[in-house]
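*Asks:* This is what each chain is made of:
There are 2 protein chains.
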Amino acid sequence: MAMQVKNEGIATMIEWLASYGRTKADGVTRLLYSPPWIEAQHALKNKMENIGLYAYYDCVGNLFGRLQGTDPTSKTILTGSHVDTVIEGGKYDGAYGILASLLAVERLAKVYGAPKKTIEVVSFCEEEGSRFPITFWGSRNINNIYSLQDVRHLTDIDGVPFLQAMADAGFDYHNYRTPARTDIENFIELHIEQGCILEKSKNTIGIVSHIVGQRRFNITLIGESNHAGTTPMQYRNDSIALASDFIHFTTNFTGECDPNLVATFGKFIAKPNVPNVIAGEVELSLDIRHHNEAILDTFCDHIFSYLKDKAVHLDFKVSISQWMDVKPIAMCPEINKYIEDITTSKKIPHQYLISGAGHDSQVFGSFFPTTLLFVPSVKGISHSPKEYTSVEDLEKGIEVLTDLLYKLAY
Amino acid sequence: MAMQVKNEGIATMIEWLASYGRTKADGVTRLLYSPPWIEAQHALKNKMENIGLYAYYDCVGNLFGRLQGTDPTSKTILTGSHVDTVIEGGKYDGAYGILASLLAVERLAKVYGAPKKTIEVVSFCEEEGSRFPITFWGSRNINNIYSLQDVRHLTDIDGVPFLQAMADAGFDYHNYRTPARTDIENFIELHIEQGCILEKSKNTIGIVSHIVGQRRFNITLIGESNHAGTTPMQYRNDSIALASDFIHFTTNFTGECDPNLVATFGKFIAKPNVPNVIAGEVELSLDIRHHNEAILDTFCDHIFSYLKDKAVHLDFKVSISQWMDVKPIAMCPEINKYIEDITTSKKIPHQYLISGAGHDSQVFGSFFPTTLLFVPSVKGISHSPKEYTSVEDLEKGIEVLTDLLYKLAY
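Going line by line, the protein sequences match chains U and L.
Just so we're aligned, residue 1 is where the first sequence starts under my numbering, counting upward by one.
Just so we're aligned, residue 411 is where the second sequence starts under my numbering, counting upward by one.
Errors might be hidden in some of the hints.
[As the list claims (entries may be wrong)] One-sided and incomplete, this derived list gives chain U residues near chain L with beta-carbon spacing under 7 Å:
(1) Cys196
(2) Ala228
(3) Asn237
(4) Thr251
(5) Phe265
(6) Phe268
(7) Lys271
(8) Asn273
(9) Val277
(10) Gly280
(11) Arg289
(12) Asn292
Treat the hints as calculated values from the structure; they're not laboratory data.
Glycine is no exception: its CB is placed at the ideal position from the N, C-alpha and C atoms.
Using the sequences and the hints given, assemble the complete structure.
*Replies:* Take a look at the structure:
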């Protein structure tokens, strides 16, 4: 199989990588340090070697395939994505970025030979947080944010300690020394959009200007549980009614505040949750995202003032507890301009957009000039076996990535 | 103990009956045909006999204590309530009505001797539906609505068949013949309000003009589950957002439609119910009550039109399934006028009100002139160990009931 790589198209390679961890529903479950993960990384290492790259792991299992540049003083252009998946995920999320980078670098090497600047294709060991309660284990190690201290206490759902899983996969933690890199010039990540903006606008390439900031809250509303028949409306402290009022208000205010703002109440738990009793308590989750901190501030102030005023006025207890605060990150405008020039000259329909999801680029964006490119996701579906992008769109992404890497490294 | 009954006050008797099925939290769990239920009925039978009533069971376990009238052609004035409780219920719900009737009849017999019309005190075997999925088993048998056919298939949560539980309690279903009564002239039920209207108005006696009709629905909203970050607000089919909009609309419309109307969304189940995923589905319960069918019709038409229009407009699937339709029942205005005369002449603060909860009176109200009287519930709390009514209010209720029974039977 290894010798066939030069003739393989992206569709074949997607299926090939999906074979490591394929599920009955034709999805992929490839959790960090699990057997399918180990096999996938080793297979990718073989592929890298077979197309002439120098392939190596760092001490946490990030895999790199290096195409050495001719300029010995040059830094490294890093490109790729993550190899792990969610449970019952799709074939494209992460995988496409690695395979597209491999194909792009293979084509460049074949046509132009060695670049001036070194290019490395990366297959990050972990981004999703699906096995252990930690995300970005790969890219945050490379950027010196995480070390062993951050995982010593973690176990997976079966009680397997993080460090044991890591050792069992061939990365003995006794050999750990920081895999932080200081030689990165740029990081470029090609990914499926996992949203429906490109599909709706009929554009093939999304140039990401920003990755949103994310704030997540747990909100508890405590009113009074009471009889659904004998308590007149004006004497009720109905927690479901107040929660609904707040959700209605917040949802309506998003558009008024900013068209790019999203606010999601994904979790709604009522107590006692029976038909003939007024709910005494509701627990809500609220996830708010925007690429501008000031707008996040304005939005949060406005909606939480509304809720607190209501609570005082109607005699409810309200608790609002924030458990996530991820700052927005801007992608590199100069690199984005290169992409825009490429897509314009090739007449590839494109647009700027904002990534509403987190990505490895978000970690790199704080340290190195970085960008993120999207190709369309059919119906915006992701983290599902139904995840799909057409071969034509996958190919266009690789074409743009190839030209961009040429611009940056040759 | 039996000999002490004539010196006992209502407070002592409430504690005595609560001793059958008393819980650690000082509540009461006395489920149909369970050991505490058997003991309570047998103890009540003893009490009845000790105050000179002829006590007997019918074939389903309704207990009657008969004070024979002097007029052999007279029908029977029936008074009482139910002996069963919810799980971890209070000491007053049902129990008060039985004990108050016993005390009233005992006083009447002592002071005035035999009545013209026969009076029977009843301890209905079942009203709550807490052990088996059936309610009003006692009063609906007496009114010829239920028979063995309605319970043959039922089991409790432990798999015990209804008929076996009945036989084990001493009511062998082979002996079943309809316990339907045709000799009832009136049914009078004294009960705690289980709401906060009397407490708020500082009235001691509530004269029930109507028992509300109840309609209950299961409503399912199916939108589309999607990524909380990558799906712009305008492309969402967020089921929690639509459910909240509908709840907000419905709750606001109750007051506009009629001040006596109550609508309760007590159950709210979202799927997948996680913070970073837009909910694809929500299941809601809706309980609507009013004493006028036309208002129930108008209300339901209006809110369900709103929901259906929204669903079409926003591309949701909505299913609305009604699983309860209990008609409103008017209590007897003539009997209520007697009560009003009694409370007015005795300067007992009173008011007319509507019962938002179902009661045995509701079953009798379709067949015989019936009424229901309330005494206040502190904070409106019921179906809870915290259920409480002051001794003064309990005594006032008995005083009014005594005078009413005198008016009806002597």
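*Asks:* The structure should be examined with respect to each hint, and the outcome stated for every one.
*Replies:* Hints, verified against the model:
Of the supplied interface hints, the one on cysteine 196 of chain U holds, with its beta-carbon coming within about 6 Å of a beta-carbon of chain L, less than 7 Å. Because the beta carbon of alanine 228 of chain U sits about 4 Å from the nearest beta carbon in chain L, less than 7 Å, this interface hint is met. Restraint check, asparagine 237 of chain U versus chain L: the minimum CB separation of about 11 Å is more than 7 Å; hint violated. For threonine 251 of chain U, the shortest C-beta to C-beta distance to chain L is roughly 5 Å, which falls under 7 Å, so the interface hint holds.
Because the closest C-beta pair between phenylalanine 265 of chain U and chain L is about 5 Å apart, less than 7 Å, the hint holds. With a least beta-carbon distance of about 5 Å to chain L, the hint placing phenylalanine 268 of chain U at the interface is held under the 7 Å criterion. The interface hint given for lysine 271 of chain U is violated, since its Cβ lies 10 Å from the closest Cβ of chain L, which is over the 7 Å cut-off. With a cut of 7 Å, the hint placing asparagine 273 of chain U at the interface with chain L holds, because the nearest CB-to-CB distance is about 5 Å.
At a threshold of 7 Å, the smallest CB-CB gap from valine 277 of chain U to chain L is about 5 Å, leaving the interface hint in force. Interface hint status for glycine 280 of chain U: violated, as the beta-carbon distance to the closest one in chain L is roughly 10 Å, over 7 Å. Look at arginine 289 of chain U: its Cβ gets to within about 5 Å of chain L, closer than 7 Å, so that hint holds up. Taking 7 Å as the C-beta cut-off, the interface hint given for asparagine 292 of chain U is violated, the closest approach to chain L being about 15 Å.
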